[in-house]
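Student: Going down the list, the protein sequences come from chains D and H. If you use my numbering, the first sequence corresponds to residues 1 to 45, in order. If you use my numbering, the second sequence corresponds to residues 1001 to 1242, in order.
It is possible that some hints are incorrect.
Claimed, not checked - Quick list of in silico lysine to aspartate or glutamate cross-link-like pairs, DMTMM-like style, CA-CA up to 20 angstroms:
1. H:Lys1018 - D:Asp42
2. H:Lys1114 - H:Glu1005
3. H:Lys1114 - H:Asp1124
4. H:Lys1238 - H:Asp1124
5. H:Lys1018 - H:Glu1005
6. H:Lys1238 - D:Asp42
7. H:Lys1114 - D:Glu45
8. H:Lys1114 - H:Glu1044
9. H:Lys1238 - H:Glu1148
What the hints assert, rightly or not - Estimated spans, in silico, between C-beta atoms of each pair:
10. D:Leu40 - H:Ile1003: 41 to 49 angstroms
11. D:Ser33 - H:Pro1033: 20 to 28 angstroms
12. D:Ala35 - H:Ile1132: 29 to 37 angstroms
Worth flagging that the hints you see were computed from the coordinates, not collected in a lab. All C-beta atoms, glycine included, are put in the ideal place defined by N, C-alpha and C.
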Amino acid sequence: MTWLGQYAFDILLAYGLSLLLIVGLIARSVMVSRAMRRKLEDAGE
Amino acid sequence: MSIWEYANPRRFMAWTAKVQPWAWGIAAALCGPGLIWGFFFTPEDFRMGHSVKIIYIHVPSAFIAINAWFMMLVTSLIWLIRRHHVSALAARAAAPIGLVMTVVALLTGAIWGKPMWGTYWEWDPRLTSFLILGLFYLGYIALWEAIEDPDQAADLTAILCLVGTVFAVMSRYAAQFWSQGLHQGASLSLDAEENVADVFWFPLVVTLAGFVALFIALVLMRTRTEIRRRRLHAISLKARLA
Chain D
1 MTWLGQYAFD ILLAYGLSLL LIVGLIARSV MVSRAMRRKL EDAGE
Chain H
1001 MSIWEYANPR RFMAWTAKVQ PWAWGIAAAL CGPGLIWGFF FTPEDFRMGH SVKIIYIHVP
1061 SAFIAINAWF MMLVTSLIWL IRRHHVSALA ARAAAPIGLV MTVVALLTGA IWGKPMWGTY
1121 WEWDPRLTSF LILGLFYLGY IALWEAIEDP DQAADLTAIL CLVGTVFAVM SRYAAQFWSQ
1181 GLHQGASLSL DAEENVADVF WFPLVVTLAG FVALFIALVL MRTRTEIRRR RLHAISLKAR
1241 LA
């Protein structure tokens, strides 16, 4: 990533942490949503 | 048909089932190309060098962090005035999204601030009001979790939301209110003179639109989850009483 110049580490750190947090939020929302739908189906809804 | 009928839980589940895939699709179609465009195909800034690429995460996340609170304000007011349960649940659903976006904006701002300002943190008006907004998000989520009665929780969190709005407004306008801060003015504005150069502006607008679509998709999904959770709670109460 030398083309990113002297700030390569800062840029990659910012993108890495942000994507981790946002993808984590999406993944957790999807998992909880599926779990809740399954529970409701099991309850006969 | 009145617009409020869409807030009926059954109707809400029906129309969001149709809208939600579109919101996810638009979010993916805008966020992916916007971030790739900004990261790989934009030049260096003459002052900031390649660190300007952080703008494509920092500005959209800060925009969502502030506007998620305003969305919560509107839905909280609807709850307080019209007692629509779905609006209270939508506010609850949006809070974790706002919190994550606040953390992202603070982290990317700190990482960007070190090479540009020489420090990760400064008690600058915009940074400080943003940090307080993040604490309000935490308090809001904690209050929902702490109170068992859902209506009472919705009432108290709605009042907390009204109070926290002061800091959401300050986060948005602090850079204009106080000139002594380190943080620069708005990168995006309806006033063309304030905007960043076009070469950075176009991918930024695409990414920003993608983040808005992502926020809508997440709020719809999480509100549906909250409705199901409440339905499940009602079923278990009914079974216990039978």
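Student: For each hint, tell me whether it holds in the structure or not.
Tutor: Each hint, compared with the structure:
Between the alpha carbons of H:Lys1018 and D:Asp42 the distance comes to roughly 23 angstroms, so the proposed pair goes past 20 angstroms and is violated. Straight-line distance between C-alpha atoms of H:Lys1114 and H:Glu1005 comes to about 50 angstroms, which puts the hinted pair past the 20 angstroms bound. Annotation: proposed proximity of H:Lys1114 to H:Asp1124 holds, straight-line Cα distance about 14 angstroms (limit 20 angstroms). A hinted pair counts as satisfied when its Cα atoms are at most 20 angstroms apart, and H:Lys1238 with H:Asp1124 does not qualify at roughly 53 angstroms.
Between H:Lys1018 and H:Glu1005, the direct Cα distance comes to roughly 17 angstroms. Compliance with the 20 angstroms bound is thereby established for this hinted pair. Only pairs whose Cα atoms come within 20 angstroms are accepted, and H:Lys1238 paired with D:Asp42 is accepted, the gap being roughly 15 angstroms. For the given pair, H:Lys1114 sits about 53 angstroms from D:Glu45 by alpha-carbon distance, which is inconsistent with the 20 angstroms threshold. Taken as a hint, the H:Lys1114 and H:Glu1044 pair is honoured in the structure, with Cα atoms around 18 angstroms apart against an allowance of 20 angstroms.
Proximity of H:Lys1238 to H:Glu1148 is assessed by CA-CA distance (about 17 angstroms); at most 20 angstroms being required, the pair is judged to hold. Distance hint for D:Leu40 and H:Ile1003: a CB-CB separation of about 27 angstroms, inconsistent with the stated range 41 to 49 angstroms. Range check, D:Ser33 to H:Pro1033: Cβ separation about 26 angstroms, and the 20 to 28 angstroms hint holds. With their beta carbons about 34 angstroms apart, D:Ala35 and H:Ile1132 fall inside the hinted range of 29 to 37 angstroms.
When each numbered hint is compared with the structure, violations occur for hints 1, 2, 4, 7, 10.
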